[in-house]
Structure formats: structure tokens, C-alpha cells
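Since the structure of chain H is provided, determine the placement of chain S on it from the hints.
2 protein chains.
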Amino acid sequence: MLIVQKFGGSSVRDAERIRNVARTIAETFLLGHDVVVVLSAQGDTTDDLLEKAAELNPNPSKRELDMLLTTGEQQSVALMAMCLESMDLPVVSLTGWQVGIRTNSAYGFARIRRVATERLRRELDQHRIVLVTGFQGVNKFDDYTTLGRGGSDTTAVALAAALHADRCQIFTDVEGVYTADPRKVPAARKLGEITYDEMLELASMGAQVLMNRSVELAKRYGVELEVLSSLVRAPGTKVKEVAKRMEEMKITGIAKDEKVARITVEKIADKPGSAFKVLNAVAKAGVNVDIIIQSTGRDGTTDMSFVVADTDIDKAHAALSERSEAIGFERVTVDKEIAKVSVVGAGMMSSLEVASLVFEALNDAHINIQMISTSEIKISCVIEQSAADRAVAAIHGKFFEA
Amino acid sequence: MLIVQKFGGSSVRDAERIRNVARTIAETFLLGHDVVVVLSAQGDTTDDLLEKAAELNPNPSKRELDMLLTTGEQQSVALMAMCLESMDLPVVSLTGWQVGIRTNSAYGFARIRRVATERLRRELDQHRIVLVTGFQGVNKFDDYTTLGRGGSDTTAVALAAALHADRCQIFTDVEGVYTADPRKVPAARKLGEITYDEMLELASMGAQVLMNRSVELAKRYGVELEVLSSLVRAPGTKVKEVAKRMEEMKITGIAKDEKVARITVEKIADKPGSAFKVLNAVAKAGVNVDIIIQSTGRDGTTDMSFVVADTDIDKAHAALSERSEAIGFERVTVDKEIAKVSVVGAGMMSSLEVASLVFEALNDAHINIQMISTSEIKISCVIEQSAADRAVAAIHGKFFEA
Numbered sequence: 001m002l003i004v005q006k007f008g009g010s011s012v013r014d015a016e017r018i019r020n021v022a023r024t025i026a027e028t029f030l031l032g033h034d035v036v037v038v039l040s041a042q043g044d045t046t047d048d049l050l051e052k053a054a055e056l057n058p059n060p061s062k063r064e065l066d067m068l069l070t071t072g073e074q075q076s077v078a079l080m081a082m083c084l085e086s087m088d089l090p091v092v093s094l095t096g097w098q099v100g101i102r103t104n105s106a107y108g109f110a111r112i113r114r115v116a117t118e119r120l121r122r123e124l125d126q127h128r129i130v131l132v133t134g135f136q137g138v139n140k141f142d143d144y145t146t147l148g149r150g151g152s153d154t155t156a157v158a159l160a161a162a163l164h165a166d167r168c169q170i171f172t173d174v175e176g177v178y179t180a181d182p183r184k185v186p187a188a189r190k191l192g193e194i195t196y197d198e199m200l201e202l203a204s205m206g207a208q209v210l211m212n213r214s215v216e217l218a219k220r221y222g223v224e225l226e227v228l229s230s231l232v233r234a235p236g237t238k239v240k241e242v243a244k245r246m247e248e249m250k251i252t253g254i255a256k257d258e259k260v261a262r263i264t265v266e267k268i269a270d271k272p273g274s275a276f277k278v279l280n281a282v283a284k285a286g287v288n289v290d291i292i293i294q295s296t297g298r299d300g301t302t303d304m305s306f307v308v309a310d311t312d313i314d315k316a317h318a319a320l321s322e323r324s325e326a327i328g329f330e331r332v333t334v335d336k337e338i339a340k341v342s343v344v345g346a347g348m349m350s351s352l353e354v355a356s357l358v359f360e361a362l363n364d365a366h367i368n369i370q371m372i373s374t375s376e377i378k379i380s381c382v383i384e385q386s387a388a389d390r391a392v393a394a395i396h397g398k399f400f401e402a
Numbered sequence: 403m404l405i406v407q408k409f410g411g412s413s414v415r416d417a418e419r420i421r422n423v424a425r426t427i428a429e430t431f432l433l434g435h436d437v438v439v440v441l442s443a444q445g446d447t448t449d450d451l452l453e454k455a456a457e458l459n460p461n462p463s464k465r466e467l468d469m470l471l472t473t474g475e476q477q478s479v480a481l482m483a484m485c486l487e488s489m490d491l492p493v494v495s496l497t498g499w500q501v502g503i504r505t506n507s508a509y510g511f512a513r514i515r516r517v518a519t520e521r522l523r524r525e526l527d528q529h530r531i532v533l534v535t536g537f538q539g540v541n542k543f544d545d546y547t548t549l550g551r552g553g554s555d556t557t558a559v560a561l562a563a564a565l566h567a568d569r570c571q572i573f574t575d576v577e578g579v580y581t582a583d584p585r586k587v588p589a590a591r592k593l594g595e596i597t598y599d600e601m602l603e604l605a606s607m608g609a610q611v612l613m614n615r616s617v618e619l620a621k622r623y624g625v626e627l628e629v630l631s632s633l634v635r636a637p638g639t640k641v642k643e644v645a646k647r648m649e650e651m652k653i654t655g656i657a658k659d660e661k662v663a664r665i666t667v668e669k670i671a672d673k674p675g676s677a678f679k680v681l682n683a684v685a686k687a688g689v690n691v692d693i694i695i696q697s698t699g700r701d702g703t704t705d706m707s708f709v710v711a712d713t714d715i716d717k718a719h720a721a722l723s724e725r726s727e728a729i730g731f732e733r734v735t736v737d738k739e740i741a742k743v744s745v746v747g748a749g750m751m752s753s754l755e756v757a758s759l760v761f762e763a764l765n766d767a768h769i770n771i772q773m774i775s776t777s778e779i780k781i782s783c784v785i786e787q788s789a790a791d792r793a794v795a796a797i798h799g800k801f802f803e804a
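In order, the protein sequence lines correspond to chains H and S. Just so you know, the first sequence maps onto residues 1 to 402 in this note's numbering. Just so you know, the second sequence maps onto residues 403 to 804 in this note's numbering.
With the rest of the complex left out, here is chain H (with noise of 0.2 Å):
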């Protein structure tokens, strides 16, 4: 078999997570597998070399930027090389540079064009473990790029779609997908399975397993997931297109995001394009929104709400306030003890029961539903940030610990 493994930044911290990683890689390499690794660069590497910068320049060039951190995943391929070389097995380490993964220009953010295989190709035919550093590539200047926040994910399955592995496993610190934070719930269950849909839905709710970016291109291209743990030897949690489970299992997970806030827009005059100038307003501002509700008082005038990132709260309020007139609404009131709790599960509303057994539990726990939407594979609900955790217990408790 062909495997691309991935391995993050604190697994490649110090010497000794680099040689735990290193036995990982060289089980798989000795069980007579094609081995593929893509690392991060090591633990603070990133953000050391980022305050560098800032104490000679507080805007460098995005350009530039990449130039230097680009060097990180560079020295995490070349000293895992040199620990496997210990282990006398045989390695070799690359740059995206040398692999040939070619990126358009927008440094920081680069979006992966095109793949190379020959390089790659050469060195499993000499039966060597191939390093690669993740979260890089170059554009059509030869210039460096980077590929933005969980780019070694993104490499790593870019680089199985383009040799057509058999599989791409992703180690973290975490073990895989659960139903809920099984820190915070205790009856919180690993899951063998999950469809890629689901898993977008969950990062996008909250869980910080996989990036959306990755995700999507496994999903684009049929590359089989697993996410495991690179410190437990134990069978992670499968992302795929179809995914088996158990028959009464309705839902797949529960996700909770405290970072967000809702804010209101009070009084909009209610004239034809009100409610439209007002998204529009915080669209324009680079604001993403999320479930939009509004409701018409008895004066004719209207509510609207939505829910933002903590990020972006100045932005949108900033964004709006200075429209106030031109728009016509009274005022803008922005609530930061949200949160929003999201259950996902595929063909979710096919059963309405899911829907009421959300309700039921939010009802028995006396948590009060501030703002609910719904989609083809989730339920999300805003309540207030204090009952989130107790949000989560029920909701879980009703489906999984029935």
C-alpha cells in the first residue's frame, strides 16, 4: 500500500516526539508499505520566527513572510531524515519546492495548483521514505507561498489525490472524531466512521480536528481519511464518502463554538431592501454571518440578528454603525455570552424526530433556545455561553446514552 501520513507541529516538537513519530513512521515503512510524511514545522518554530519579523518590520510583506517561515517545515523533514538515517532506514527529505507542488500567488493563503508525482515516484521506486514539508509550495514566479492555517492537512491529502494512495492518515493529538469534547463529556464515544460532509459540518461548528480546505479537497478527490492519535496506538476515526454506523445511531456528533457573539440590528424602517442593505453592509466588511433570524415588532419597524465570529465583532459593528442612516434602523447591540451548540448527523432531517429529541433535552436541562437553524445535515442552536457545556451533556445524554 501507498501511505501519506501527516504529522503536526507539536509532534515534532523536541527530539523525543520526533523519535516517537519516527518508530510510527518506521512500523508502517517495515510492514513493506510506500511511506509519504508530510510535517509541520516544529512546535513554536512558526511563531518565533513570526516575532522576529515583527521586531524588524510590524507589516512586512506577505512575500517575504513566506520566505522565512517556509524554513520551518524545511528543518522538521531534514531532522526526522537524519532520525530515521539513525534507525538506518532508508530516506530522503523534500521542499514543496522540490516535489513540485506549485501554488497560485496569494502568499499566506496560497491555493495548491498542481502536484508533481515524478520526484516523488523516483525516490519510493529506490524504496526510500519520502519526507515532505507540509504547508508549502511554490508559484509560477519560483517564488516560496504558504498555504494558510492547516496547510500540512491540505498537503498531505493533495499529495495522496495526486499519487493515488491508498490512504491518508492525519495524526494529532487527539484520537479522532467524538460525539461530543470528550473532555468535557465523559460518555463521549470515538467514532470509526464519519462522511466527509459530517466532518466539514464539525469543524465549521467547532471542532478543531481537520481544516474545512483539507476536508473539501479529500471530498473533491476521494482520498480516505483517518485521523489518529500520534501518541496512542489506537484506530482513529475513517472520514469518507459513505459511512457505516450503528443503525440507531441518528446523529454523528455533538460540536459547541463559544467564540461568537449575536448581534442585533434594532428598528430596521421596514421598506423594501432594508434587510438586504443591512447583510450587505456586513458582507462588504469581509464578515461572515451565520444563522440570520428576524422578527417584525408591532410598530412596523423590524429585529434582525446574526451570529458573527469574536474576530469579526468590531468589524460588523463598525461596519453598520456608520450606516445606521443611510440604512434606517436605530441602533446596532452586540451579545458576547453566546454560544452555539451543533448537532450533525447525515439525513438528519429526514427524522424529525432528531429535531424534537434537540428540543427535549434543551427543555428538560432548562436551557432557553435564543436562535436555531437548521440544515440538511445539522441542527444548531444558540444559548446562552454559560449553559454550553450543559447544552452539550444533554443533548448527548438523549442520544447516545439512552
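It should be emphasised that the hints constitute simulated quantities derived from the structure, not laboratory data. Don't take each hint at face value.
[As the list claims (entries may be wrong)] Derived DSS-like pairs: lysine-lysine, alpha-carbon spacing no greater than 30 Å straight-line: (1) S/686 <-> S/669; (2) H/140 <-> S/542; (3) H/52 <-> S/464.
In this text the structure is predicted, and so the values were computed from the model without any measurement.
The following block gives chain S in isolation, referenced to the frame of chain H:
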């Protein structure tokens, strides 16, 4: 003018030093020159990386070591670029690969084969300051290679040669080339000009201003070098084919090397080929020898002494000891308490006066000459180590302070 400037690791070791170098570069650029800058890795970066490597593998492959080490210069050029950007100057940083510095495959001490100029010219045409990683290139496999000690100087000279630069300035932590070590000989004078050959002799005699490879390359391509300080604004020393100098100055400089030892092979059987066998045994052990003297005793045996570098003592001793019977000699002794003092000057041997003045100076100072060797432009004397500084001062006084 097109000017190539090179700054070493200590010149860019922290933000303050980087800003200082940036000002020097900016001044040159703002005078209207085209500027190509070669940088080494910051201060201790290379040592830190080597330490990390040693923790994982005491004997890593040179290929992976080069993969690791080349990140150091890449960080330097990126950081310097950001600093120059903060001064609103147009700048671009390039790695050896991006420039097209092609080397052979001798990882760790690669030789430059070819320097492409297309990218460099394109960036210069756009009126940008071009920063290039020193010490590195890529080989025919597209793998990273390093050039070994003093590699950044070599990079600078190679770029100057390829671009037909008008000047190649090597910025160091000394102000130029002196007639003797100015820390030891207060009357030492900075030389305005010096020939390539004189520089080569001074360098190999222990004056660590420029590595020989870069001087040889400069000589071959007729690149005029200037050695000057990165901290003090003052004219440095020019290294060129024909040097102008004051008429009375018969010698160029005096250097001492204390990192040497004398090995004496005693009572060699006086048979044809014995001397050859001694030197052959040492050469086969990979040891370079210097200043060989042979003396014949009254008993029909001979003694042979030669000078080796401190680091080669054990290798030389072992190589000889295990062949004492095969070669036919009695024993090997080592004297580490010696120093080699060298007097360098073009056309020196045309003047017997120079040699006699050296002998006179040492005689006046009551310093015994143990061994002596002369070449076209050099006289080296082996003396006891404790007298080395006195010897340099005595010779300097004779030639420069009369």
C-alpha cells in the same frame, strides 16, 4: 555601478545589527548603484541547528545536514528584506536555488559550477535591492548543497564574477587587512591594497580575514575585492592583481599560527625510500604537512620533522606509529608548544635583504628559529610558542617602525 556586498553571520546576528547593515545597503542603493547583497545565517543559527541534529543523529548524512543548514541563510535574507521594506526600499530576497547557483554534489563542501544571471538581472532591472542566501546552491538532482567554511564569501565572489560587478565588498568584523594582528601589535598598519597571492599566503598563515577559496575564485575571474568593517565606516583593504604600495615596504604582513605542532620521526633507517614512506603514510591518513626538514645523524640514521595542524596530530601519530617496523624508524615525538610566524610580501625572494632582516629581528629578540621554509612570497619560521607574539612584534618593528 553594480556592487556586490557580503555580510557575515555576526553582522546580522540580531535586529539591531540587521538594521545597521540595512542602513549600509540603503546608503549604497540610494547613491544610485545596483546592489546585490549576500548574507550568512544569523550569529549562532548554524550552531543551534547542528546541535539539534546531533541530538537525533551523531552522524547524519551530509545531504540532510545541508537541507537543514540552508534554512539559516534563507531566514537572514527574508528578515533583511523585511527590514529594508520598513525603510520603504524596493527589495527581493532569493535563495541559491531561485538565483540558479548550481553546484556539484559534494554535500557540505560543494563547488559552484554555474551561476545563472537571468533572475538577478530581471530583479535589478526592476530597480530592486537583491538579497541572496550565501553558502548554498543546488546540485543536478535539485538537492540543496552548502559550500563549506567561508562559503558566503565564495557566493559573493561568484555572483560578482557572473554579473561582472564593478565591486565586491566583503564586510567583516575587522577594518581590513593589517601588516600584523592589530590587537597584538599596536603599530600594525591597515593595508590599502594587497595582491591576491599575498592575501592567499596571509590567509593560509592564520590571518582569518578571507577564506582561500573565495580569494582564489576572485583571482581567477579578476574580481576586485574590498575587505571592510560592517561596524566602522572607513575604507578597507582592496585585494587585486597588482597592488600599489609605498616604495619602501618590502613585505605586506606578518601572521602567526599557534594551532600547529611539530612531529619528529626519529632514527629512520638510512635506506632508499624511507623518507618517502614516512610522508606517504601521513598523506594516506589525510594529513597535510608543511615545512619538512631532515637531518642526518652520525649513526647512519636520519630524523625527519614536519609541521601539521593541531587537529591532525592524532591521525598523523597513529598512522606513523603503526608502521614503525614496516618503514623502519625508532619513534615518533610530538611538540605542541610551537608557533609558525610568517612574513608575506610579493617578490620577497628577489630581496635577500628581507630574509636577513627577519633573521636579524629574531636574533635581536633572542628567539631561536627551529625550522624555516621559504616560497616566492613568504618566509615561515617555526619558533617556540611562548615567543610568538614577541617574534611578530620584533619583525614588525624591523620592517614598519624603523
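Structure-based check of each hint:
1. S/686 <-> S/669: 22 Å, holds
2. H/140 <-> S/542: Roughly 21 Å between the alpha carbons, so the hint for residue 140 of chain H and residue 542 of chain S holds.
3. H/52 <-> S/464: Distance ~29 Å between residue 52 of chain H and residue 464 of chain S Cα, so the pair holds.
This entry satisfies every hint, going by the numbered hints stated previously.
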